[in-house]
Amino acid sequence: MKVGLRQSMAFLHTWAGLLFGWLLLAVFVTGTTAYFQDEITRWMQPEIKGERHLVASAEGAVDYMRQHAQGVETWSIQLPGKRSVAAMGYWKEKGETYLQWRDHAFMVDGRGVRVDARDTTGGWLLYRLHFDLHYVPVLWGRWTVGLAAMFMLVAIVSGVITHRRIFADFFTLRLGKGQRSWLDAHNLGAVLALPFHVMITYTGLVTLQAAYMPWGIAAAYERPADYHRELTGIDAPPTRSGTFAASAPIADMIAQARARWNGADPGFIAILIPGDANSVVKITQDTGTSMATRGETLTFDAATGHMRTPPASRGGAAMTESVMVGLHAGRFAPPALRWLYFLSGLMGSAMVATGLVLWTAKRRLRLPDPTRPHVGFRLVERLNVATIAGLPFGIAVYFIANRLLPSAMTHRAAWEANWLFIGWGALLLYVFLRPPRRVWIESLSMVAVAYLAVPAVNALTTDRGLLRSFVAGDLVFAGFDLSMLVTAAGFAFAAWKLFRRPLARVRETRSRRERIA
Amino acid sequence: MRHPIAPALRIASRAFVAIVGGYVAAALYAATMARWLPMPRTEAVMIGMLASFAIYAGVAIMAFAVGSATRAWIWLAAGCLPPALALYLSTHGVFA
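Quick note, the sequences are listed as chains A and B, same order. If you want my numbering, it's the 1-based position in the first sequence plus 6. Under my numbering, the second sequence has 84 at position 93, and the numbering climbs by one with no breaks.
It should be emphasised that the hints constitute simulated quantities derived from the structure, not laboratory data. Check before you lean on any hint, since a few could be wrong.
Simulated DEER-style distance windows between Cβ atoms [as the list claims (entries may be wrong)]:
| hint | chain 1 | residue 1 | chain 2 | residue 2 | range |
| --- | --- | --- | --- | --- | --- |
| 1 | A | 442 | B | 1 | 30 to 36 Å |
| 2 | B | 59 | A | 504 | 40 to 46 Å |
| 3 | B | 1 | A | 443 | 34 to 40 Å |
| 4 | A | 73 | B | 83 | 58 to 64 Å |
| 5 | B | 30 | A | 476 | 55 to 61 Å |
| 6 | A | 322 | B | 1 | 40 to 46 Å |
| 7 | B | 62 | A | 371 | 31 to 37 Å |
| 8 | A | 244 | B | 4 | 55 to 61 Å |
| 9 | A | 239 | B | 1 | 48 to 54 Å |
Some chain A residues well away from chain B (every beta-carbon gap over 10 Å; in silico) [said to hold, decoys possible]:
| hint | residue |
| --- | --- |
| 10 | 201 |
| 11 | 242 |
| 12 | 468 |
| 13 | 491 |
For each residue, glycine too, the CB sits at the ideal point set by N, CA and C.
For reference, chain A alone in the conformation it holds in the complex:
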């Protein structure tokens, strides 16, 4: 049996796409929200107000740890980027690993004062979800998503080869024509943002390449740690002297770093063995200040505030990697470009979603008995609704849980995350229990209601509702609430379109089915 290239590529495209389609959709949707990770986190911590002041919050964090965390291994400060307000400090005690950082984390606002914000993982949860998944060991999550990304890359290449008229697809969208419309929509989303899809998939693999493809490191180095040390130019950690020494002002070291980086902000500070005479301060450039995301790390002697010789500049390949990761994360992007990133991400999500729907639309007409489709068809059909509507529903529930769970609750942040999956799981269950005819309309309506509820619950439970944010000129809070309303409108529109689908068309589809059968 010999088939043409286009046919075999169409086969590959269909099945590579379907196999990981649902996971890819989840990765695309949560990854797309991550472009507004900082804004989501701000919305989820309404207690944090005021203006960003980088140096004051760094000083405040250091002061706090000087009072509460003497004699520990490391003090760390995640400084607020341009789109955040508060710094986050945390320390690591002897014998702890960095994974336990949440146990000693605190927030410091722009006045340098510790703020008691509700415990939340914020936008970070959705960001982490898009490559670590949840409830599974991080390594498993990353390998699963990595394999899905490889399938995506293969689906893109085979999809392009399958195409007859890639240029014409820019301008083709025939609405209301069933399967043909789904194909047009799939092509439009895929082709219009094709450079984005290729870029985001390939650079996504590159972000975790040392885990996915460590064989070059293994071939050239005895230990992987040697490679990472040589690459980053980071020297061995300091050893304790046992004598106490007060630290030089952190503001002065920040000023030195800024001067070296032409004014670019630092994003991260680590103070190793604080209080010891051998203590060092490491200041890393903010990941959002340049397209190359891996900023330089400068080392200072804490006692004197003297900067050590900076590491050698990166080679061409390392710089390429840094820019590729920067392009993926888009942390450098100013507002207009950030929205373009977001829209491209939505288009990617739409491409995957329409591809999944297309799989069923194409096969529905060819079913031997349309009233009783085979198990595989029914499974794909239900999983499509459960993912396309279920995940957005879960995210809305996550936002609502953030406002409704009591502040003093233990494991509060973990429960917020649990609610995302409770919401998603509930919708999945619903989808599998209802007749397929109604399930799209009902699920999409439920998602619309959930997103409508988010700003309402916000207005009822905080003093930062949509109206007040508007009056106060608070773009982040107003923008978030408005985005929820737009999302609600989008899902409501989809539900309404399905509801109003002219009966004539349904009859026509039915008669076509009969003719084919």
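Fit chain B to the given chain A structure using the hints.
Then chain B, alone, in the frame of chain A:
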């Protein structure tokens, strides 16, 4: 007449070349570049890693583009031979 399970087996065979063979080929090329590219080690390692996913995708496409599953295996073997040889030579002190 052919056995009805044969088409499924042929697809499984191609899928194996694509998924496992593709990874092996990518790993071989990444390791070979890390050892052979004439530049600082970190750079050679980095280029190998950056290129590896394109090689992986290329093998996966090849596995389904060629005329038969057998050919997919032959092309995979032919593609893996040069880096495997180069890697063997460099790790056994013959060259480089």
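Verification of the supplied hints:
1. A:442 - B:1: 30 to 36 Å: holds (34 Å)
2. B:59 - A:504: 40 to 46 Å: holds (44 Å)
3. B:1 - A:443: 34 to 40 Å: Given a distance of about 38 Å, which is inside 34 to 40 Å, the answer is holds.
4. A:73 - B:83: 58 to 64 Å: holds (60 Å)
5. B:30 - A:476: 55 to 61 Å: Given a distance of about 56 Å, which is inside 55 to 61 Å, the answer is holds.
6. A:322 - B:1: 40 to 46 Å: 43 Å Cβ-Cβ, so the 40 to 46 Å window holds.
7. B:62 - A:371: 31 to 37 Å: Holds, since residue 62 of chain B and residue 371 of chain A (Cβ atoms, about 34 Å apart) stay within the stated range.
8. A:244 - B:4: 55 to 61 Å: holds (56 Å)
9. A:239 - B:1: 48 to 54 Å: Distance hint for residue 239 of chain A, residue 1 of chain B holds at roughly 51 Å.
10. 201: At roughly 16 Å from the nearest Cβ of chain B, residue 201 of chain A sits farther out than 10 Å, so the non-interface label holds.
11. 242: Since the minimum Cβ distance to chain B is about 18 Å, residue 242 of chain A lies beyond 10 Å and the statement holds.
12. 468: Per Cβ check, residue 468 of chain A is outside 10 Å of chain B; nearest 45 Å; holds.
13. 491: holds (39 Å)
Every hint, counting from the list given before, is met by this structure.
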